[in-house]
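Starting from the structure of chain X, add chain S where the hints point.
These are the residues of each chain, in order.
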Amino acid sequence: AQKITQTQPGMFVQEKEAVTLDCTYDTSDPSYGLFWYKQPSSGEMIFLIYQGSYDQQNATEGRYSLNFQKARKSANLVISASQLGDSAMYFCAMRESQSYNTDKLIFGTGTRLQVFP
Amino acid sequence: GAGVSQTPSNKVTEKGKYVELRCDPISGHTALYWYRQSLGQGPEFLIYFQGTGAADDSGLPNDRFFAVRPEGSVSTLKIQRTERGDSAVYLCASSPGSTTGELFFGEGSRLTVL
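Just so you know, the protein sequences line up as chains X and S, in that order. With our numbering as the guide, the letters of the first sequence map in order to residues 1 to 117. With our numbering as the guide, the letters of the second sequence map in order to residues 118 to 231.
Bound-form chain X, shown alone (with noise of 0.2 Å):
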């Protein structure tokens, strides 16, 4: 079965300096789309990032990037240059690969990022 799991249920980091939040993932499909989302304290998932399986490049999008590992089945979402603003809940989530055709996803359990001065 598909799996997500996010081992680290809290994380701190100062502002301005980059943190690294796990992810690893277990599916047996060769196709597959992996994504982080933020949750702030409103309670609205925010989309961050997508990752394609067969994507040769790691994703980008502003100070966040994705280091994927694809021997490792690991999909770790790194934050640049921190800000008080990025304390929240981070997901990350998998497509699951029956659904290729929906964004049907499977999240993790999440991290929660708290920021400090």
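None of these hints come from the bench; they were simulated from the model. All C-beta atoms in this analysis are idealised placements derived from N, C-alpha and C, irrespective of residue type, glycine included. Hints may be right or wrong, so weigh each one.
Said to hold, decoys possible - Across the chosen pairs, the derived CB separations fall in these ranges:
{"no.": "1", "chain 1": "X", "residue 1": "I46", "chain 2": "S", "residue 2": "P187", "range": "28 to 38 Å"}
{"no.": "2", "chain 1": "S", "residue 1": "A119", "chain 2": "X", "residue 2": "N58", "range": "30 to 40 Å"}
{"no.": "3", "chain 1": "X", "residue 1": "S28", "chain 2": "S", "residue 2": "G176", "range": "37 to 47 Å"}
{"no.": "4", "chain 1": "X", "residue 1": "F116", "chain 2": "S", "residue 2": "L156", "range": "39 to 49 Å"}
{"no.": "5", "chain 1": "X", "residue 1": "F116", "chain 2": "S", "residue 2": "Q167", "range": "35 to 45 Å"}
{"no.": "6", "chain 1": "X", "residue 1": "E61", "chain 2": "S", "residue 2": "Q167", "range": "37 to 47 Å"}
{"no.": "7", "chain 1": "X", "residue 1": "K70", "chain 2": "S", "residue 2": "P187", "range": "35 to 45 Å"}
{"no.": "8", "chain 1": "X", "residue 1": "L84", "chain 2": "S", "residue 2": "L156", "range": "22 to 32 Å"}
{"no.": "9", "chain 1": "X", "residue 1": "F116", "chain 2": "S", "residue 2": "S144", "range": "31 to 41 Å"}
{"no.": "10", "chain 1": "X", "residue 1": "L84", "chain 2": "S", "residue 2": "E188", "range": "13 to 23 Å"}
{"no.": "11", "chain 1": "S", "residue 1": "A119", "chain 2": "X", "residue 2": "E61", "range": "17 to 27 Å"}
{"no.": "12", "chain 1": "S", "residue 1": "P187", "chain 2": "X", "residue 2": "A81", "range": "26 to 36 Å"}
Said to hold, decoys possible - Interface residues of chain X toward chain S, partial, derived using beta-carbon atoms under 7 Å:
{"no.": "13", "residue": "F47"}
{"no.": "14", "residue": "E61"}
{"no.": "15", "residue": "R63"}
{"no.": "16", "residue": "F91"}
{"no.": "17", "residue": "T102"}
{"no.": "18", "residue": "F107"}
As the list claims (entries may be wrong) - Computed footprint of chain S on chain X; a stretch qualifies when at least three of its residues, placed anywhere within it, have a C-beta under 8 Å from a C-beta of chain S:
{"no.": "19", "segment": "38-45"}
{"no.": "20", "segment": "108-117"}
For chain S alone, kept in the frame of chain X given last:
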């Protein structure tokens, strides 16, 4: 507004009561999803609509849960004979229909069953 709107934002009900949660997606988005997020967990898929039809309802936990989207826009999630275990945040998301993975979520409806 321009985003996904969910009402009510908070609902407290008694065990056994009937509840409706409403989702107003972004205009023009053909795909609509309902997810449920229990405390300390990530969202779990409930049901997906493409237009008016439920394309995938495999995540609905039992027949007490039902959702409709009669005109292909607003959707209502209906829960009959609520149980304490139904307490969670119910998240709605919409997308243009292309599979980009970028779901646009509302702020959720927090349901508490006493």
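Here is what the structure says about each hint:
A beta carbon spacing of about 29 Å between X:I46 and S:P187 agrees with the range 28 to 38 Å that was offered as a hint. As the Cβ distance of S:A119 to X:N58 is approximately 31 Å, the hint placing it in 30 to 40 Å holds. A hinted range of 37 to 47 Å for the beta carbons of X:S28 and S:G176 is inconsistent with their spacing of about 21 Å. As the Cβ distance of X:F116 to S:L156 is approximately 25 Å, the hint placing it in 39 to 49 Å is violated.
The supplied range of 35 to 45 Å is met by X:F116 and S:Q167, whose beta-carbon atoms lie about 44 Å from each other. Between X:E61 and S:Q167 the beta carbons are some 27 Å apart, a value that contradicts the proposed interval 37 to 47 Å. Checked against the given bound of 35 to 45 Å, the beta carbons of X:K70 and S:P187, roughly 43 Å apart, stay inside it. Range check, X:L84 to S:L156: about 25 Å between beta-carbon atoms, so the 22 to 32 Å window is met.
Taking the beta carbon of each, X:F116 and S:S144 are about 40 Å apart, inside 31 to 41 Å as hinted. A beta carbon spacing of about 42 Å between X:L84 and S:E188 contradicts the range 13 to 23 Å that was offered as a hint. Take S:A119 and X:E61: their Cβ atoms lie about 21 Å apart, and the range 17 to 27 Å holds. Taken as a hint, the range 26 to 36 Å is violated for the pair S:P187 and X:A81, whose Cβ atoms sit roughly 47 Å apart.
With 7 Å as the threshold, the beta carbon of X:F47 comes within range of chain S, its nearest partner Cβ sitting at about 4 Å, so the hint holds. Below 7 Å, beta-carbon pairs count as interface contacts, and X:E61 has none with chain S, the closest being about 11 Å; its hint is therefore violated. Because the beta carbon of X:R63 sits about 18 Å from the nearest beta carbon in chain S, more than 7 Å, this interface hint is broken. Among the interface hints, the one on X:F91 holds; its C-beta lies about 5 Å from the nearest C-beta in chain S, closer than the 7 Å criterion.
The beta carbon of X:T102 comes within 6 Å of a beta carbon in chain S, closer than 7 Å, and the hint placing it at the interface holds. The interface hint given for X:F107 is met, as the beta carbon of that residue sits about 3 Å from the closest beta carbon of chain S, less than 7 Å. Coverage of the segment 38-45 of chain X by chain S holds. Counting CB-CB distances below 8 Å, 4 residues qualify, and the rule asks for three or more. Only when three residues or more bring their CB closer than 8 Å to a CB of chain S does the claim for the segment 108-117 of chain X stand; here the count is 3, and the claim holds.
This entry does not satisfy hints 3, 4, 6, 10, 12, 14 and 15, going by the numbered hints stated previously.
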